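Visitor: Sequence:
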Amino acid sequence: STTASSVLALYVFILQPTFPTIAGHLVSASILSVVAAIVISKIIMPETEKPETLGLEIAPYYQKESSVMEAVINNANEGVKMVIGIVALLLAFLGLVALADLILSGVGMRLNDIFGIHMDWSLKGLLGYIFYPFTLVIGIPPSDAFEISKLIGERAVLTEVKSYQDLAVLLSTSALKNPRSAVLAAYALNGFAHFASLAIFVGGTAALVPHRTKDLSSVGFRALIAATLACLMTAAVAGTFFTSGSILLGK
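Taking our numbering, the leading residue of the sequence shown gets 8, the next gets one more, and so forth.
Mixed in with the good hints there might be a few duds.
[Claimed, not checked] Lysine-lysine pairs mimicking DSSO-like chemistry, simulated, CA-CA at most 30 angstroms apart:
(1) LYS221 x LYS49
(2) LYS57 x LYS169
(3) LYS184 x LYS88
(4) LYS184 x LYS169
(5) LYS71 x LYS169
(6) LYS49 x LYS71
[As the list claims (entries may be wrong)] Ranges of calculated distance between the beta carbons of each label pair, as one might list FRET restraints:
(7) PHE228 x ALA11: 37 to 47 angstroms
(8) ASN81 x GLY31: 34 to 44 angstroms
(9) MET52 x LYS88: 24 to 34 angstroms
(10) PHE248 x ILE137: 23 to 33 angstroms
(11) ASN185 x VAL216: 15 to 25 angstroms
(12) LYS49 x VAL144: 33 to 43 angstroms
It should be emphasised that the hints constitute simulated quantities derived from the structure, not laboratory data. These numbers come from a predicted model, not from an experiment. We put the CB at the ideal spot given by N, CA and C, even for glycine.
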């Protein structure tokens with residue numbers, strides 16, 4: 008539900024020409040999303056049983072190598088396993104997403120021809136329709152809600168970098184009718200809530216602790232949903248502090 012500090016500079020570079028004060032908003036969004044992620048996680052997976060470690064003092068376990076050379080060898084091997092796991096699962100996940108997008112787009116084009124309608128049947132387009140009511144709920148004006156919902160759907164498929172690039176285009180062309188939409192979109196898109204991030208998380212962790220693969224796979228998609236909802240919650244909170252003044256856009 009948050010982004011790494013190493014990529015915040017990229018988002019600022021993309022948006023600053025059209026959104027001069029974006030850096031402060033992205034930092035605020037990253038902080039707010041931490042709390043939002045905890046809240047949403049507790050709702051989706053509530054802790055209903057007594058924790059096994061409640062009231063106990065647990066000493067952390069550290070695996071110590073006998074020499075520096077052994078430490079280098081072991082950590083190098085662990086790093087290679089993690090990279091291979093991440094790359095393999097990224098290829099698998101993104102391949103499946105691309106296949107689903109191709110099938111949906113092909114079937115959708117046929118349905119458009121049969122019924123004489125004009126609807127975006129791509130995966131990001133369908134996700135945009137799904138997120139439309141959520142954009143209204145978090146406070147984005149109806150005049151811009153569909154454009155922002157498409158960006159959120161696009162983020163799930165193509166990562167937040169492409170969504171921020173498209174947001175910059177909307178701002179540069181004055182396609183958004185209300186400055187509130189740009190501010191809330193910046194908060195809602197600020198997170199690794201997409202399939203690629205899910206693949207990195209599951210692939211990297213499963214490579215290091217393969218005996219927990221079943222647990223990771225069972226919570227993976229729920230984590231993606233929780234991250235998306237946390238980002239939307241962050242945007243909703245930011246919306247409560249937005250006023251009609253233009254200072255938030257640096258004008």
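Visitor: Next, verify each hint and record whether it holds.
Guide: Hints versus structure:
A hinted pair counts as satisfied when its Cα atoms are at most 30 angstroms apart, and LYS221 with LYS49 qualifies at roughly 21 angstroms. Between LYS57 and LYS169 the alpha-carbon distance is near 43 angstroms, which puts this suggested pair outside the 30 angstroms criterion. As the CA atoms of LYS184 and LYS88 are separated by approximately 49 angstroms, the hinted pair breaks the 30 angstroms bound. About 21 angstroms separates the Cα atoms of LYS184 and LYS169, which keeps this hinted pair within 30 angstroms; it holds.
Between the alpha carbons of LYS71 and LYS169 the distance comes to roughly 43 angstroms, so the proposed pair goes past 30 angstroms and is violated. The straight-line distance between the Cα atoms of LYS49 and LYS71 is roughly 35 angstroms, outside the 30 angstroms bound, and the hint therefore fails. Taking 37 to 47 angstroms as the suggested C-beta distance range, the pair PHE228 and ALA11 does not conform, at roughly 22 angstroms. A beta carbon spacing of about 42 angstroms between ASN81 and GLY31 agrees with the range 34 to 44 angstroms that was offered as a hint.
Separation of MET52 from LYS88 is about 28 angstroms and conforms to the stated range, judged on CB atoms against 24 to 34 angstroms. A beta carbon spacing of about 27 angstroms between PHE248 and ILE137 agrees with the range 23 to 33 angstroms that was offered as a hint. In this structure the supplied range 15 to 25 angstroms is violated for ASN185 paired with VAL216, their Cβ-Cβ distance being about 47 angstroms. The hint said 33 to 43 angstroms for the Cβ distance between LYS49 and VAL144, and at roughly 20 angstroms that hint is violated.
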